[in-house]
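Listed below, chain by chain, are the residues.
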Amino acid sequence: MELDGNALGGDLSTVFATDVTDAVFVCAGCKHSGVVATLRVWEPAPGLVGRCPNCTDVIVRLVRTPTRVFLTLTGASRLEIPVEQP
Amino acid sequence: MGIISRGFGGRRRESLPGLPPGQYLTHDFPVLSAGPTPRIPLDKWKFTITTETGEKHSWDWKEFTALPSEEFTVDIHCVTKWSKLGTTWKGVSLDTLFEDVESAADYTMAHSYGGYTTNVPLDDLLEGKAWLVYEFDGEPLHPEHGGPVRLIVPHLYFWKSAKWVNGLEMLNDDEPGFWEAGGYHMYGDPWREQRYQGD
Amino acid sequence: MIKRITWRAATVTAVRWETKTARTLVLDVPGWSGHLPGQHVDIRLTADDGYVAQRSYSIASAWSPSSPSVELTIQRLDDGEVSPYLTDVVEVGDKIEVRGAIGNWFVWRDTQTAPVLLIAGGSGVVPLMAMIRARGRQPFRLIYSVRTPEDAAYAEELRHRVRENPGLDVHFVYTRKAPEGAGAPKRIDVATINSHGWPPDFEPDCYVCGPTGFVETAADILVALGHAPTRVRTERFGGA
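Protein chains in written order, with the UniProt record's numbering: chain Z, 1 to 86; chain V, 1 to 199; chain P, 1 to 240.
In short, the hints are calculated from the structure, not lab data. Glycine included, every Cβ here is placed at the ideal spot set by N, Cα and C. Treat the hints with caution; some may be incorrect.
[To be verified] Only part of the chain Z face toward chain P is listed, based on derived beta-carbon distances under 8 angstroms:
(1) E2
(2) D4
(3) V24
(4) A37
(5) E80
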């Protein structure tokens, strides 16, 4: 079943100190850039798979284990994460 | 561990002695997907074994389905914790496909339509341990379950049984596939509960 | 200041049915520091043998210090593992683990002054309802696609709000069975969004939520009508 990057927010919040659904990714394959919330996300699978909405290449893989989170970002050439102003 | 949710989970799952550790029995056939389901017309379908020297052995649909086939019944174990017992498949033993392949490599990478990959040692594919199947329960294999053809390696976790398989690449060194690179175990033996890297 | 999102044990303080198959759970979450309309929570259920299931659900309620509870409206999917538990098994007094509030992108903030267009497919109305409930004086329009009149959640409250609060319009699209006088059933199309949305010149903030196919259709129409893609925010969920 297909979801989108909004659904990644909770699990990514265990890795990043800030919400990243509004972070901007750049696809390493087609160079498309967009916010993480617009990734196409598939589940259920052994992990969450976020694909580029433009070329469907895999941008992010997130595997949750009882003790760890594996985050594989090989499909993104950049992640631009907004930080809260002091 | 979290708080127990009163009344949750009794309905759909049962534990059974004899299952690999941490697994539950399911009677339906869950569909797991990591992307859009590829639809491959049979006249475009092709399966290729590529050796470490670059030699290719290919079969199109007609050639593939003309090979001797077997019907077999096995238990399957998904790393997401469901096991399904007594599943019946029809397909071609990997022994048949490797008959004329000359290779000294010990490892393989399965490749699929849609870009999925998973690594399996060659020994785990031979001697009646693995098949390329095109029927499930007497029916053509549905695309959701990996049709037209998927790999079945029942003694390893089911992510090793690549859906929509279209090739095996022989490798001298073991390399991680899609989920293995994402944190899953390189080998994936359900009886030793090798779910994640380091298990 | 960094607020770490952690799992918390929420208590169900009330439940109510919104339709025959959708139920709202009112949760008291200890230490909850508020949420924005559009945000969601993750829910984690643990069986007595350790089996764990996790799902995301949108928050339906607007938050304020005087109404601190978190309301979720759950649509039952009959072959689902989690939703039938939340609609049919959970009772007042039960504890559920929640994590949130999650998401800074699919949110509406009351500092936004532009008109707002909300387009909901089925239970995609839930986060949009939170926006309506949080609305101040900004003009809002909701286009709400449902299968039949009986499938419309919050119908009574929406009617009441349209009557009492100037600046809110609601238009229903019925895909299977329309009430008398509402025309034949149809799917959302260009004419619907053209007539019941805002003109692109008004530069509205658009929010679309529903099943994947619905969201694609509505978002494509918005962009084709001339709305800037950066003003169209979407949230897709599986199952209808």
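Legend entry - Agreement of hint Z/V24 with chain P interface, Cβ distance less than 8 angstroms: Violated, about 10 angstroms.
Inset, instruction - Could you check if Z/D4 really has its C-beta closer than 8 angstroms to a C-beta on chain P? - result: 4 angstroms, holds
Legend entry - Z/E80 as chain P interface residue, shortest Cβ-Cβ below 8 angstroms: Because about 13 angstroms separates Z/E80 from the closest Cβ in chain P, which is outside the 8 angstroms limit, the hint is violated.
Inset, instruction - Would you settle whether the hint for Z/E2 is holds or violated, based on the nearest Cβ-Cβ distance to chain P being less than 8 angstroms? - result: Holds - the Cβ of Z/E2 comes within 8 angstroms of chain P, reaching about 5 angstroms at its closest.
Inset, instruction - Return the status of the interface hint for Z/A37: holds when the least beta-carbon distance to chain P is below 8 angstroms, violated otherwise. - result: It holds, given that the least Cβ distance between Z/A37 and chain P is near 4 angstroms, below 8 angstroms.
This entry does not satisfy hints 3, 5, going by the numbered hints stated previously.
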